[in-house]
Amino acid sequence: KAGVTQTPRYLIKTRGQQVTLSCSPISGHRSVSWYQQTPGQGLQFLFEYFSETQRNKGNFPGRFSGRQFSNSRSEMNVSTLELGDSALYLCASSPWFDPYSYEQYFGPGTRLTVT
Amino acid sequence: ELKVEQNPLFLSMQEGKNYTIYCNYSTTSDRLYWYRQDPGKSLESLFVLLSNGAVKQEGRLMASLDTKARLSTLHITAAVHDLSATYFCAVLDDKIIFGKGTRLHILP
Chain A
6 KAGVTQTPRY LIKTRGQQVT LSCSPISGHR SVSWYQQTPG QGLQFLFEYF
56 SETQRNKGNF PGRFSGRQFS NSRSEMNVST LELGDSALYL CASSPWFDPY
106 SYEQYFGPGT RLTVT
Chain B
650 ELKVEQNPLF LSMQEGKNYT IYCNYSTTSD RLYWYRQDPG KSLESLFVLL
700 SNGAVKQEGR LMASLDTKAR LSTLHITAAV HDLSATYFCA VLDDKIIFGK
750 GTRLHILP
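Those protein sequence lines, which keep their order, are chains A and B. Each step along the first sequence adds one to the number in my numbering, with nothing skipped, and position 77 is 82. Each step along the second sequence adds one to the number in my numbering, with nothing skipped, and position 83 is 732.
Within a straight-line C-alpha distance of at most 35 Å, the following computed DSBU-like cross-link-like pairs (lysine-lysine) qualify: (1) Lys744(B) x Lys62(A); (2) Lys62(A) x Lys652(B); (3) Lys705(B) x Lys62(A); (4) Lys749(B) x Lys62(A); (5) Lys690(B) x Lys62(A); (6) Lys18(A) x Lys690(B); (7) Lys705(B) x Lys717(B); (8) Lys62(A) x Lys717(B).
Treat the hints as calculated values from the structure; they're not laboratory data.
Just chain A, with the same shape it has in the complex (with noise of 0.2 Å):
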């Protein structure tokens, strides 16, 4: 069975531009999150989707939105970029309603640099 696979690896971008990353979750699996991972704020919470629905957000600013599509699959978007948003962006996926009732399963990550 496939993993967690995001894209695209990795990605430089210029303060102003707006950035889409992508996650596409192992099969079966609805539920997917996201997370931000920078060297000074750790590790963050970004946004939790089951079945097409946001869940749960984060405390980061309405630059950063997501959704969710019918086969699971999930993107982010980032608009306005600024430096601070130089991050590896998480993904990951769970088969259950709860994703923090088992496991989760993570992708390898998108590093995302901002010029």
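Take the given structure of chain A and dock chain B to it, following the hints.
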């Protein structure tokens, strides 16, 4: 606001030794998670602890949860070099909150 504190933040130890990483948190949650991250890599789920007194073991790692003390421990038995990594604990309140991580370096 929920705070999750790990200590130590850095640990260098010899192979064959035992040690414990501590995770303290400030809420009454009974859902705690441990993850491993190798340098430059993604996260890997290690343990899911869902009740007071929960204990999980996998190889040389054992995790436990004491919700009354708001404390979880990750115990390493007879450490081997392959366990070198950063270990994160996380607590679920209305959102999941991560600790800062413990960078574990095991010397051969």
